[in-house]
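Read in order, the letters of the sequence shown are residues 1079 to 1413 in the numbering used here.
No lab work stands behind these hints, which were simulated from the structure alone.
Each hint should be verified, as a subset may be incorrect.
Here are the simulated DMTMM-like cross-link-like pairs (lysine to aspartate or glutamate), alpha carbons at most 20 Å apart as the crow flies [what the hints assert, rightly or not]:
1) 1305 to 1385
2) 1248 to 1238
3) 1277 to 1371
4) 1305 to 1238
5) 1277 to 1385
6) 1277 to 1200
7) 1277 to 1293
8) 1248 to 1371
Beta-carbon label-pair distances, calculated as ranges [unchecked claim]:
9) 1257 to 1398: 31 to 37 Å
10) 1186 to 1257: 31 to 37 Å
11) 1374 to 1253: 49 to 55 Å
12) 1183 to 1233: 23 to 29 Å
13) 1201 to 1154: 30 to 36 Å
14) 1310 to 1200: 52 to 58 Å
15) 1280 to 1166: 42 to 48 Å
16) 1280 to 1320: 49 to 55 Å
17) 1205 to 1253: 28 to 34 Å
Note that the Cβ used here is the ideal one computed from N, Cα and C, for glycine as well.
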Amino acid sequence: MSSFGRVIRLAIGAWALLLLITAAPAPSLAQQINPTASSVNERQLLQEADRIQGRVSIPDQRSSVLMQPAGREWREFRNVVLRWIGGVAIVGMMAVLVIFYLTRGMVRLESGRSGRTIVRFDTFERFVHWMTATCFIILAISGLNITFGRPVLLPLIGFEAFSEWSQWAKYAHNYLSFPFTIGVVVIFLMWIGGNIPNKVDVAWIRRGGGIVGHDHPPAYRFNAGQKMIYWIVVIGGGLVAVTGYQLMFPFYVTGIEGMQLAQIVHSVVAVLFVATMIAHIYIGTIGMEGAFEAMGSGEVDVNWAREHHSLWLDQQMARTGPGGSQTQPANAAAE
1079 MSSFGRVIRL AIGAWALLLL ITAAPAPSLA QQINPTASSV NERQLLQEAD RIQGRVSIPD
1139 QRSSVLMQPA GREWREFRNV VLRWIGGVAI VGMMAVLVIF YLTRGMVRLE SGRSGRTIVR
1199 FDTFERFVHW MTATCFIILA ISGLNITFGR PVLLPLIGFE AFSEWSQWAK YAHNYLSFPF
1259 TIGVVVIFLM WIGGNIPNKV DVAWIRRGGG IVGHDHPPAY RFNAGQKMIY WIVVIGGGLV
1319 AVTGYQLMFP FYVTGIEGMQ LAQIVHSVVA VLFVATMIAH IYIGTIGMEG AFEAMGSGEV
1379 DVNWAREHHS LWLDQQMART GPGGSQTQPA NAAAE
């Protein structure tokens, strides 16, 4: 009987031990995939890694990047910082020019018109200039739409019209980039000889270039101000072209970080380029009497050339003589 009791006690003990084991908390599967764990915590993961990348079966392994934290910084730049840079640069330039015009007015020909003209730019030069300028204006408007269209234009014209306009603006921006680039290259080659800075440019800047006050410092075919515009067009145009083609043909040259950098450079240079060209357009139209004729008809009044480009006029006169083919009565060109 005692042995039977020991067996009973042993069975009860084994049964109790079994109950104890089954009741004990086993390692939970939920704990292994706890969504708050550091291994799957998005914020910590983004801080510790420069990207979240998976695996793909297609050849382009760059498509395996699922999340890239630097993209948030890029989005903040594009939606906030860039709008401030562009707004201050463009609106600020326009405000300065309005104030300057109201205080200084148009730079007039102090000696009046002579009635004789001299060829300043030939047909090919004017064609390249206007082709590049026309492309630039369309590129500027369509490009600014990317940055300012949604907050400024969309509330005015509505979703449907804005969508249609943005689509055509994108096509124009992409396709007109090619003739614009060609124009920048030709301008660089065509006018490089006359746009090398020299001592005359230093004196021209010190004397205000004839814009400030009524002084008319001597200059060759291109004065210091025009040389600045030339190099802004060549360097700025080159930068927006190179970075623009990177954006048009993504991932051929660089990864996502390079694409973001290209967009930043492209947009910043573009808005500063636009602001500078607004000043250039002002001087070439309402800012200076007789300036538009240089790229309009290609001929300028001799007195205009003497006041603004006296050294160039002396060179032309020495080459052809006072009565040479370079100068003619103003009405002769119209005939």
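Right, here's what the structure says about each hint:
no. : hint                     : result
1   : 1305 to 1385             : holds, 18 Å
2   : 1248 to 1238             : holds, 16 Å
3   : 1277 to 1371             : violated, 28 Å
4   : 1305 to 1238             : violated, 44 Å
5   : 1277 to 1385             : holds, 19 Å
6   : 1277 to 1200             : violated, 27 Å
7   : 1277 to 1293             : holds, 18 Å
8   : 1248 to 1371             : violated, 33 Å
9   : 1257 to 1398: 31 to 37 Å : holds, 34 Å
10  : 1186 to 1257: 31 to 37 Å : holds, 36 Å
11  : 1374 to 1253: 49 to 55 Å : violated, 27 Å
12  : 1183 to 1233: 23 to 29 Å : violated, 37 Å
13  : 1201 to 1154: 30 to 36 Å : violated, 49 Å
14  : 1310 to 1200: 52 to 58 Å : violated, 23 Å
15  : 1280 to 1166: 42 to 48 Å : violated, 30 Å
16  : 1280 to 1320: 49 to 55 Å : violated, 31 Å
17  : 1205 to 1253: 28 to 34 Å : violated, 19 Å
The structure is inconsistent with the numbered hints 3, 4, 6, 8, 11, 12, 13, 14, 15, 16 and 17, although it conforms to all the rest.
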